[in-house]
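Keeping their order, the protein sequence lines are chains A and B.
If you count by UniProt numbering, then the first sequence holds residues 1 to 467, one letter each, in order.
If you count by UniProt numbering, then the second sequence holds residues 1 to 467, one letter each, in order.
A few of these clues could be false.
Stated by the list, open to error - Going by beta-carbon spacing under 8 Å, a handful of chain B positions derived as facing chain A: (1) Glu103; (2) Thr146; (3) Asn158; (4) Arg183; (5) Leu194; (6) Gln240; (7) Ser415; (8) Ala416; (9) Ser421; (10) His424; (11) Ala441; (12) Val464; (13) Pro466; (14) Ala467.
Bear in mind the hints are in silico, worked out from the structure with no lab data behind them.
For glycine and all other residues, C-beta sits at the position ideal for the given N, C-alpha and C.
2 protein chains.
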Amino acid sequence: MGLEPADRRLTARLPHGVLREMAPAYVEEPRGRFHGQAGLVAAPRDAEEAAAVIRACAAARVAVVPRGGGTGLVGGQVMSQGPAPLILSLERMTAIRDIFADEAVMVVEAGVTLQAAREAAAGVDRQFPLSLASQGSAQIGGVLATNAGGVNVLRHGNARTLCLGIEAVLPSGRIMHDLKRLRKDNTGYDLRDLLIGAEGTLGVITAASLVLAPVPAETGVAMLVVEDPAAALRLLALAQGRMAGGVSAFELIAGQGLDFLAQHFPQMRQPFAPIPPWLVLIEIGLPAGMRADDALEALFVQAAEAGLVSDGVIARSGQQAADLWALREHIPLANRAVGAIASHDISLPLSEIARFITEAEAMLAGEGDMRVNCFGHLGDGNLHFNLFPARGRRREDYDDIRSDLSRRIHQMVVSAGGSFSAEHGIGRLKVGDLARWGDPARLAAMRAIKDALDPAGIMNPGAVLPA
Amino acid sequence: MGLEPADRRLTARLPHGVLREMAPAYVEEPRGRFHGQAGLVAAPRDAEEAAAVIRACAAARVAVVPRGGGTGLVGGQVMSQGPAPLILSLERMTAIRDIFADEAVMVVEAGVTLQAAREAAAGVDRQFPLSLASQGSAQIGGVLATNAGGVNVLRHGNARTLCLGIEAVLPSGRIMHDLKRLRKDNTGYDLRDLLIGAEGTLGVITAASLVLAPVPAETGVAMLVVEDPAAALRLLALAQGRMAGGVSAFELIAGQGLDFLAQHFPQMRQPFAPIPPWLVLIEIGLPAGMRADDALEALFVQAAEAGLVSDGVIARSGQQAADLWALREHIPLANRAVGAIASHDISLPLSEIARFITEAEAMLAGEGDMRVNCFGHLGDGNLHFNLFPARGRRREDYDDIRSDLSRRIHQMVVSAGGSFSAEHGIGRLKVGDLARWGDPARLAAMRAIKDALDPAGIMNPGAVLPA
């Protein structure tokens with residue numbers, strides 16, 4: 001494939017040996033909604049090389065699209081419009097630079113997968129508590145650029161909370177050395193948190209120091225049957241009060257999700273028959289000297305007395321705990337097998353959730369025959385509110401109402417003080433949503449910051465803000 | 001007092017009734033290092049009035065110095081150079097707008113004192129876990145503007161971690177409505193965290209939604225004798241491992257501090273005689289079903305077997321726990337009575353702390369006769385490393401070496417990957433330190449952001465960055 005003149009001017013400026021062969025995987029994203037153009041791919045070995053790449057792109061006025069594991073769900077990693085960009089892959093920056101077990105801190109490069117980071121922490125008897133379905137591919141750089149969430153945010157926070165410092169290349173091509181390992185540091189503006197979640201539009205993160213957590217002496221898992229989401233929320237408050245912050249995960253599961261599982265993963269053993277309409281999966285981590293199943297039993301008894309739960313199973317072994325989690329983790333796979341009409345990654349103030357679910361389902365009932373699978377990280381107010389065809393109908397049958405339904409659902413969420421993108425970010429998919437629903441003063445400040453730090457607009461143009 | 005013409009142009013534009021009588025308290029700070037000029041004082045009643053004040057100041061090119069409780073220790077609240085500013089006091093914005101006990105969220109205005117916020121949370125059986133010596137005067141707006149820390153950061157994080165959303169007036173005079181109550185919200189740049197810790201230089205926070213925590217079912221307090229800071233850090237790791245994150249506070253106390261207490265607060269009962277060289281104060285919060293003193297005893301036994309502790313007392317009542325805390329909380333008062341040569345609010349990576357203390361004390365021993373009181377939030381790596389005159393000498397005797405000593409101590413801290421301002425911020429006191437030790441790329445980005453959001457430079461000029 002011959003190089004265009006602009007590419008030739010650019011390649012002459014790049015560090016030696018930094019270019020990689022273009023491959024389809026560099027221009028794809030999991031949902032297949034965005035397809036990137038085949039440009040150059042550069043994979044720097046360190047921050048200096050990454051900085052040289054960005055300076056070269058700035059000089060040649062070529063856009064830079066940073067790329068981690070490519071698992072993002074909103075197209076932030078794929079630029080499909082405008083001149084072909086350079087894809088800056090972090091795949092060669094895979095060093096775990098340091099682990100400080102006694103400090104409970106780990107310094108890793110951006111290309112380390114989330115799973116490798118978690119395993120490295122486990123190797124020193126600590127945990128890196130961020131956990132996602134895509135952790136085998138997702139890389140720390142992307143996890144931070146999108147401020148990823150997952151199942152343990154309730155207890156340990158999202159990616160932002162778990163990051164103490166970053167090394168990053170700014171759009172100017174300068175390296176920001178801010179790889180501190182400090183819990184407290186009030187020396188100026190919080191650029192770390194500004195770059196985290198900026199989806200590569202204000203620079204590229206090349207390394208990070210991450211917080212580790214102790215492995216709890218005792219962990220326990222239970223799946224409990226609740227009457228409705230309102231009861232689930234009261235159960236959450238009860239559990240939080242009893243466990244002194246020891247609730248690690250609190251996941252809402254709709255019977256619809258288990259129904260999809262039964263169809264597409266019939267080999268998985270289901271704990272309840274018939275499938276109840278609503279369940280929660282709770283995980284707790286406790287101090288030495290307590291038994292987790294005793295604590296879960298005591299919680300169950302109190303919750304049953306309060307009329308919040310009607311049935312439940314408590315895992316009696318690690319295997320049983322893993323089996324309960326496997327049910328939760330297979331719901332997205334079952335969803336994919338069914339084929340969603342539309343999916344919504346939303347969050348709401350906890351006290352608005354029950355009403356939202358009721359009202360949204362009522363709204364949808366008036367719009368046609370469909371199935372709703374509402375599940376997610378209830379403890380964080382984060383729901384995946386996904387719509388599926390009625391039995392015997394196909395996804396395509398809903399093509400004409402899909403975008404209107406999503407807009408109405410997002411409008412209901414925003415009106416209730418919620419977010420139309422709880423954990424996936426804006427990417428390119430939701431740029432219009434942000435422009436529509438974002439606070440105008442905040443949007444103006446975002447634009448001013450983008451223009452100040454990246455006046456040429458070369459960093460991931462078209463993501464988060466319009467190009 | 002007559003108004004200057006510039007003032008008259010300004011007052012004509014201000015909302016009716018917003019001006020307050022100037023009083024000395026508006027231009028003072030606790031350490032008496034900075035004295036502000038007597039300008040106008042405006043106290044808006046809501047964000048709209050605050051925005052109108054800022055627009056008026058922008059039009060008249062008058063600087064705005066936001067003011068909360070005025071308890072900051074680095075002069076961020078006092079502008080002593082340049083034309084007299086308008087002081088924007090949040091004292092009238094004292095509403096607790098909402099408390100959502102089940103959500104564990106509270107929405108408060110910037111002028112609410114930290115103590116009032118804590119009491120409001122306690123009123124619904126929750127806690128707002130930020131706790132500072134100055135909480136009776138410190139206001140939420142200032143607490144956020146300086147990203148305050150305190151004794152519970154180890155478990156609950158600093159002010160930034162405890163804030164879900166803000167309402168703020170930007171330098172443009174526009175109100176940013178971002179008062180969300182969401183644990184997860186990935187919709188664009190993190191302007192909330194940018195304004196938090198920006199010390200009023202990028203806007204004024206007028207309200208915030210804050211995270212509440214459950215009140216632990218069981219709490220316990222102990223004071224334990226350790227051989228040295230290294231042993232204290234190993235004890236911390238042991239405690240964290242046993243308690244599954246249940247350690248709420250872990251404070252280092254030097255025997256020197258208890259010695260100062262014995263001199264200046266002789267009525268306070270001291271638990272150990274003779275005073276040991278190093279101690280820690282530990283507080284834990286545990287789930288229902290455990291006894292905190294059992295947990296502390298088990299910790300003590302294991303720590304003693306490992307040679308980490310040699311003596312200790314475990315509080316057997318709430319009164320005993322309060323008495324132990326009172327010792328820790330009176331150390332700053334005793335320090336003030338003695339009169340420090342210099343004080344340093346520093347943080348270090350945990351594994352660098354023991355070496356730093358040894359090396360810094362060795363360095364000081366070569367510089368003259370003085371006493372060191374090193375104490376603070378060891379669990380967060382945050383030490384107050386304060387120097388005092390030798391017995392029989394006065395503070396003034398050290399005038400010629402004071403700034404050199406501080407610079408050398410800060411240099412040692414920075415070389416060890418630490419921070420020269422862990423929790424107090426930059427204010428006006430440490431602008432030169434930040435320019436000297438800050439990462440150049442980060443400083444350039446900070447300046448670009450300041451210029452982009454506040455092109456006229458009216459917001460708290462001279463704080464954080466040079467005016």
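Violated hints - listed by number, lowest first: Numbers 7, 8, 13 and 14, in rising order.
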